[in-house]
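J.: So you can see what is in the structure, the chains are spelled out below.
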Amino acid sequence: MRQKKTPLRFLEYALTIWIVITLNFFLPRIIPGDPFLIISSDGPADEEIVLTQEQREFFFSYYGLDKPMSQQYVSYLGELLQGNLGYSIYYKEQVSQIVLRRLGWTAFMVISSLLLSTAIGTILGCISAWYREKWPDKLLFFQLIVLAEIPVFLLGLIILFIFAAGLGLFPLAGAITHFANYDSWWENLLDILHHACLPVMALTISRMGGMYLLARNSMTTVLKKDYLRTAWAKGLPQKRIIFRHALRNALLPIVTRVFLSLGTLIGGAILVENVFAYPGLGLLMREAVRRHDYHVIQGIFLVVTLLVLSANFFADIVYRKLDPRVNDYSKKHGG
Amino acid sequence: MSRKYLLLFLALIISAGLLLFGCGTNQVNDAQKQDAANGEEQQEEKDEEQQVDLIKLSGGDWGYPSPYAHYPRGPGTRKMRLIFDTLLNSDADGNDSPRLASDWEVSPDGLVYTLTLQPEAKWQDGQQLTADDVVFSYEYQNQFPPVNVADFSSINKVETVDDKTVKVELEQPDPFFLENMRSFTIIPKHIWEEVTDPYNFVASEAVVGTGPYRLTDYSKEHGTYRFEENESYWGSKPRVKAIELIPVSEDIMAFEQGAVDRISATPDILPKFENNPEYRVMQYETTWSYRLYFNMNQRPELADKTLRQALAYAIDRQELVDMVERGAAVPGNPGVLHPSNELYNAEVPQYTYNRQKAEELLDSLGYKDNNGDGIRENSVGEKLSFRLLADDGSVRIAELIKQQLALIGIEVNVQVTDNMTRDARFEEGDFELCINGSGGVENLSEVTTIKEETRATSTTADVIGYSNPEVDRLYSAQEKETDLERKRKLMEELQQIVAEELPKLTIYYRNDISVHRPSVYDGWSLETYHNDHRLNFVAD
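Protein chains in written order, with the working numbering: chain A, 1 to 335; chain B, 336 to 875.
One or more of the hints may lead you astray.
Stated by the list, open to error - Simulated restraints on C-beta separations: (1) 97/A - 748/B: 44 to 52 Å; (2) 31/A - 815/B: 38 to 46 Å; (3) 320/A - 531/B: 31 to 39 Å; (4) 166/A - 710/B: 48 to 56 Å.
What the hints assert, rightly or not - Anything over 10 Å on all C-beta distances counts as not near chain B; from chain A, calculated: (5) 60; (6) 80; (7) 127; (8) 225; (9) 292; (10) 310; (11) 318.
I should point out that these hints are in silico values taken from the structure, not numbers from a laboratory.
Don't be surprised by glycine CBs; every beta carbon is placed ideally from N, CA and C.
Use the sequences and the hints to build the structure in full.
T.: Here it is in structure tokens:
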């Protein structure tokens with residue numbers, strides 16, 4: 001059954017990717033202004049370099065922007081098929097190289113905070129569900145909802161303010177200590193972790209609320225089930241009942257959520273990176289959009305799309321693995 | 336319930352922020368003038384002082400500092416200029432001063448310039464700088480324009496006379512020739528002659544120059560640079576041995592923690608640093624300005640100068656300065672030039688805020704509020720209403736102008752876009768009123784209809800629908816005039832007409848404020864407000 005559906009599914013993904021690529025290509029080009037149009041600047045400290053009309057034309061043809069849009073589109077698709085993401089107009093470098101260098105930092109941040117927010121959110125959700133309607137539940141519920149409501153960049157700023165500026169426990173910005181010589185690889189690693197703490201903390205806290213709510217709801221439903229009454233009646237320890245018997249069964253929606261939330265997490269990461277000047281894709285994306293650097297915009301969005309789609313794909317597989325009923329259902333109705 | 340607490344929580348944070356940042360700004364100007372004066376004294380003392388080992392500044396990636404690979408914005412160019420020299424430079428008064436060309440002569444017909452190169456100048460890889468390098472730089476950059484281009488359009492030929500002398504032949508006399516040479520970057524022939532794609536050339540040889548600093552570390556990913564003194568520099572000894580640029584998230588916090596040694600500040604945070612001997616505040620007047628443009632094609636009634644004058648009377652530029660910039664700006668001169676410009680004409684009409692005068696002018700044009708809705712109409716009953724295009728940076732100015740004009744019965748609808756969109760619409764003339772801001776040039780050429788193809792740059796947008804042959808004549812006459820007194824006369828006349836007719840209205844010129852720790856380094860120039868400008872580190 002599933003094997004039959006796979007080509008169709010594959011086609012679906014391919015179609016999605018093609019639509020995204022096309023949108024990525026045309027959207028930035030529809031926005032008024034081009035990478036070489038410079039009339040204004042932001043302020044005294046940041047003046048722009050002005051090109052003469054001749055030079056502007058030179059660069060237009062150098063980057064192939066003088067050709068008709070359809071022709072540019074076709075050649076872009078051709079390049080993509082060869083694995084070439086193009087050349088950055090502003091950064092003057094291959095887009096694939098720029099993106100690759102930045103991707104690591106974003107991925108590191110996103111994955112760490114995903115794991116942390118899931119673990120902490122789930123544990124707190126279980127505790128809350130166990131003490132439903134009692135004071136620990138009320139307290140946790142209130143605090144986590146408040147935290148989840150704060151926009152992630154504001155949360156980042158508050159954290160930066162308290163832990164880096166106020167207490168001086170963490171560096172203010174960046175991903176490593178610059179111009180430093182490390183004696184060993186682990187000193188280097190410690191330095192990276194030290195820098196990552198605050199951005200990861202901001203992202204984790206902002207995601208925790210959602211995870212907590214999900215875990216709490218899921219647990220509450222499971223806790224009402226008969227087999228738990230049995231476990232309870234057997235006199236099993238409390239911890240064992242919660243984390244062994246109940247949580248196992250409550251996990252399914254949580255795991256799915258972990259994968260599905262990758263997309264929004266990347267969105268959050270972009271904001272956090274801008275607060276902490278963390279050298280990931282988000283910082284790059286903001287600049288690329290501001291500069292109308294078409295190729296970089298296309299490159300970043302394509303990579304992010306691929307990441308989110310693969311996360312969805314895995315969510316699908318995991319969901320089927322964890323809950324055989326999903327398969328049974330599609331067998332009955334799909335076939 | 337959670338929402339209520341959330342609001343309370345946010346209110347607490349905001350008020351805490353306000354407390355921390357302080358609010359008083361009144362003493363700003365006096366204190367800064369005082370500071371500037373102190374700075375001048377200390378500047379002289381400091382020249383005697385010995386070198387500072389290290390200065391840390393806020394960085395961010397502005398590209399590889401070769402003439403071809405840095406990004407097309409000022410910070411990229413200034414880093415490149417720490418490594419690469421030009422032939423000429425400008426002194427504090429804006430006159431040509433020597434750099435790689437120690438001396439120059441002009442033939443009586445103004446067609447041939449003979450430039451002598453610094454005898455000591457050496458490339459950072461040890462090779463001598465020769466006249467060949469200059470000729471090569473010209474030819475190469477003619478073929479491949481670097482990021483920061485010099486205007487070569489008047490040059491006919493560049494050739495060597497001997498090892499250290501270059502001759503430049505012009506097609507016709509060009510009063511701007513020497514000034515253009517200030518942005519002509521000299522690159523080593525022995526390195527670049529092999530390079531066929533300069534925009535992709537990012538090897539370590541690409542940053543071999545003759546300038547005061549060498550690049551010793553650069554990370555594109557992290558946005559960090561490290562420059563060290565070039566021991567074999569031909570000019571005066573740099574006052575700072577090494578400059579490190581690192582990315583910071585919050586300038587003020589980074590500065591307070593000592594992560595960086597100087598920051599650009601906004602007027603709001605000044606109370607934190609003023610009257611504290613640990614810090615020194617420097618305020619610079621700049622010619623960077625916000626301007627209001629009228630599109631006389633889309634709205635023909637704007638072609639009537641009386642209406643434009645009424646708008647000028649009703650727009651309280653001083654209030655805009657006080658409210659938007661907290662006083663750290665200079666109200667715009669209707670004659671366009673900044674009051675500190677040596678050609679500034681102080682006699683032009685100033686249109687000091689006068690609501691009554693504005694209303695009288697509108698009355699005289701027949702705009703009356705007949706239906707009592709607070710908005711004036713013309714004789715056929717059409718509302719006097721304009722769309723005002725602004726970007727997110729100038730939205731506060733736009734909103735205040737809207738309020739000010741509402742008082743005299745003019746309706747303004749503010750349209751906000753990102754600045755690239757604003758620029759594109761501005762260039763296409765797709766607006767009625769538009770606020771635009773830029774620096775570098777106090778562009779009187781905008782109000783002319785003269786456009787030499789080669790000089791046309793993307794910053795000089797025409798003022799749409801305005802044409803005055805007298806303005807054109809005066810502008811080209813002053814442009815060709817080399818005698819300063821006669822040039823001043825022409826410019827005064829020109830400013831008089833422009834201020835009278837107001838083809839565009841300069842709203843204000845923004846000041847730049849910076850704060851540094853004098854104990855770390857106090858050699859900051861009073862001429863330039865850019866942290867990374869070489870003038871801060873080298874006397875040249």
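J.: Each of the hints needs a verdict: does it hold here or not?
T.: Each hint, compared with the structure:
The hinted window of 44 to 52 Å between residue 97/A and residue 748/B holds, with their beta carbons roughly 45 Å apart. Remark: the range hint 38 to 46 Å for residue 31/A to residue 815/B is upheld by a beta-carbon distance near 41 Å. In this structure, residue 320/A and residue 531/B break the distance hint of 31 to 39 Å, their C-beta atoms being roughly 55 Å apart. Distance hint check: the CB atoms of residue 166/A and residue 710/B are about 51 Å apart, consistent with the given range 48 to 56 Å.
The beta carbon of residue 60/A sits about 12 Å from the closest Cβ of chain B, which is more than 10 Å, so the claim that it is off the interface holds. No Cβ of chain B comes within 10 Å of the Cβ of residue 80/A; the nearest lies about 20 Å off, and the non-interface call holds. For residue 127/A, the shortest C-beta to C-beta distance to chain B comes to about 19 Å, beyond the 10 Å cut-off, and the non-interface label holds. Listed as a non-interface residue, residue 225/A keeps its Cβ farther than 10 Å from every Cβ of chain B; the least gap is roughly 29 Å.
Consistency note on residue 292/A: stated as away from chain B, yet its beta-carbon is not over 10 Å from all of that chain's, at 6 Å minimum. Every Cβ of chain B is farther than 10 Å from the Cβ of residue 310/A; the closest lies at roughly 24 Å, confirming the non-interface assignment. The claim that residue 318/A lies off the interface holds: its Cβ sits roughly 32 Å from the closest Cβ of chain B, which is beyond the 10 Å cut-off.
Checked against the numbered hints listed earlier, the structure breaks hints 3 and 9; every other hint is satisfied.
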